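**Student:** Between the sequences and the hints, there should be enough to build the whole structure, so can you do that?
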Amino acid sequence: MTASTFLDTQSGRRLAFHKTEGQGPCIVFLGGLKSDMEGTKAVHLETWARAQGRAFLRFDYSGHGESSGTFEEGCIGDWHQDTLDAVDTLTDGPLVVVGSSMGGWQALLLARARSDRIAGMVTIAAAPDFTEDGYWAGFSDAQKQELESAGFVALPSDYMEPYIVTRRMIEDGRQHLVLRQPLRLPFPVRCLQGTADTAVSTETALRLLEHATSDDMRLLLVKDADHRFSDGPCLALIEAALEEVLSAG
Numbered sequence: 001m002t003a004s005t006f007l008d009t010q011s012g013r014r015l016a017f018h019k020t021e022g023q024g025p026c027i028v029f030l031g032g033l034k035s036d037m038e039g040t041k042a043v044h045l046e047t048w049a050r051a052q053g054r055a056f057l058r059f060d061y062s063g064h065g066e067s068s069g070t071f072e073e074g075c076i077g078d079w080h081q082d083t084l085d086a087v088d089t090l091t092d093g094p095l096v097v098v099g100s101s102m103g104g105w106q107a108l109l110l111a112r113a114r115s116d117r118i119a120g121m122v123t124i125a126a127a128p129d130f131t132e133d134g135y136w137a138g139f140s141d142a143q144k145q146e147l148e149s150a151g152f153v154a155l156p157s158d159y160m161e162p163y164i165v166t167r168r169m170i171e172d173g174r175q176h177l178v179l180r181q182p183l184r185l186p187f188p189v190r191c192l193q194g195t196a197d198t199a200v201s202t203e204t205a206l207r208l209l210e211h212a213t214s215d216d217m218r219l220l221l222v223k224d225a226d227h228r229f230s231d232g233p234c235l236a237l238i239e240a241a242l243e244e245v246l247s248a249g
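Numbers 1 to 249, taken from the UniProt record's numbering, label the letters of the sequence shown in order.
I should point out that these hints are in silico values taken from the structure, not numbers from a laboratory. Hints are not guaranteed to be accurate.
[To be verified] FRET-style restraints, in silico, Cβ to Cβ:
no.: 1; residue 1: Ala196; residue 2: Glu66; range: 27 to 33 Å
no.: 2; residue 1: Leu221; residue 2: Ala137; range: 21 to 27 Å
no.: 3; residue 1: His211; residue 2: Gly12; range: 31 to 37 Å
no.: 4; residue 1: Thr2; residue 2: Glu243; range: 21 to 27 Å
no.: 5; residue 1: Gly12; residue 2: Phe152; range: 21 to 27 Å
no.: 6; residue 1: Phe71; residue 2: Pro186; range: 31 to 37 Å
no.: 7; residue 1: Gly53; residue 2: Ser157; range: 37 to 43 Å
For clarity, every value in this text was computed on a predicted model and none was experimentally measured. Ideal placement from N, C-alpha and C gives every residue a C-beta, glycine not left out.
**Tutor:** Below you can see the structure in the form of C-alpha cells.
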C-alpha cells in the first residue's frame, strides 16, 4: 500500500490524501460520515481511474482516517472547508466529483462554491441536509433536551460504534443546507440509490432529484442494494455512471 501524503491547510488541519496524476477532468472522491479514503469504493475507483490514465484524488476529512483531529470535534462546515482546501490546493481545471452518503452533501456544497470547475457529478446514496432532516427531525424531546444540556447525543449505528451527534454539528448543519434554496447543477449528474438502504431513504434521493435544476440529471434505484453500495454489481454501476458523466461533459 502506498503511503499517504499530507496537506497542511490554512485552517490548521492536516489532511491525508492520495493523488493519482493523469488526464482530466480530475475525479475527486468524497467519502461518507466516519468513512475514510481506504474504503472499498474509493480504492476501487482509484484503480479504475489509474487504468484509464485519469487523474484521481481521494482524501480524509479532518477527524477521519489519517487526518488530524477527532470526529466529535467536526461538523459539515469543517469538512466542506477541508474539501475546498484539498480541491483548491491539489487539483487544477475541471473536476468530476463522486460523493458517497455525506459526501453527496459535500459534493453539492462544492458545486455551489466552485460551480465554474465542476464538469460532472456522481452521487451514491447522497445524504443532503441529514443533520436537520435525519438527526434533528428524528430526535425525541428528551434527546433535544440532552443535546442542549450535555452538548451531544449518542445514536446507534448499523455499521460501527454509536455516532456522537454534537450540538455544533446540528447548528452548523443549518448553515449549509442545500434543499431549502435553489440548487443549480449545470452539468451531467448521475445519482445511485439502493432500495434496501437503511441509512438514506429512496425518498431522500427523489427529493434531491425533484429539487435540483439540471438539464442532465438521472436517478438509478437499485433493488435490494444497501447503503454500502460496494459489491461487484454496485461498483460496476458506479463505473458506468462515471463513464456517462465523463463522456457527456
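**Student:** Give a verdict on every hint.
**Tutor:** Hints, verified against the model:
A C-beta distance of roughly 31 Å is found between Ala196 and Glu66, which places it inside the suggested range of 27 to 33 Å. Taking the beta carbon of each, Leu221 and Ala137 are about 23 Å apart, inside 21 to 27 Å as hinted. Distance hint for His211 and Gly12: a CB-CB separation of about 35 Å, consistent with the stated range 31 to 37 Å. Separation of Thr2 from Glu243 is about 25 Å and conforms to the stated range, judged on CB atoms against 21 to 27 Å.
For Gly12 paired with Phe152, a C-beta distance near 23 Å keeps the hint of 21 to 27 Å intact. Taking 31 to 37 Å as the suggested C-beta distance range, the pair Phe71 and Pro186 conforms, at roughly 34 Å. Between Gly53 and Ser157 the C-beta distance comes to about 38 Å, which sits within the given range of 37 to 43 Å.
Checked against the numbered hints listed earlier, the structure breaks none of them; every hint is satisfied.
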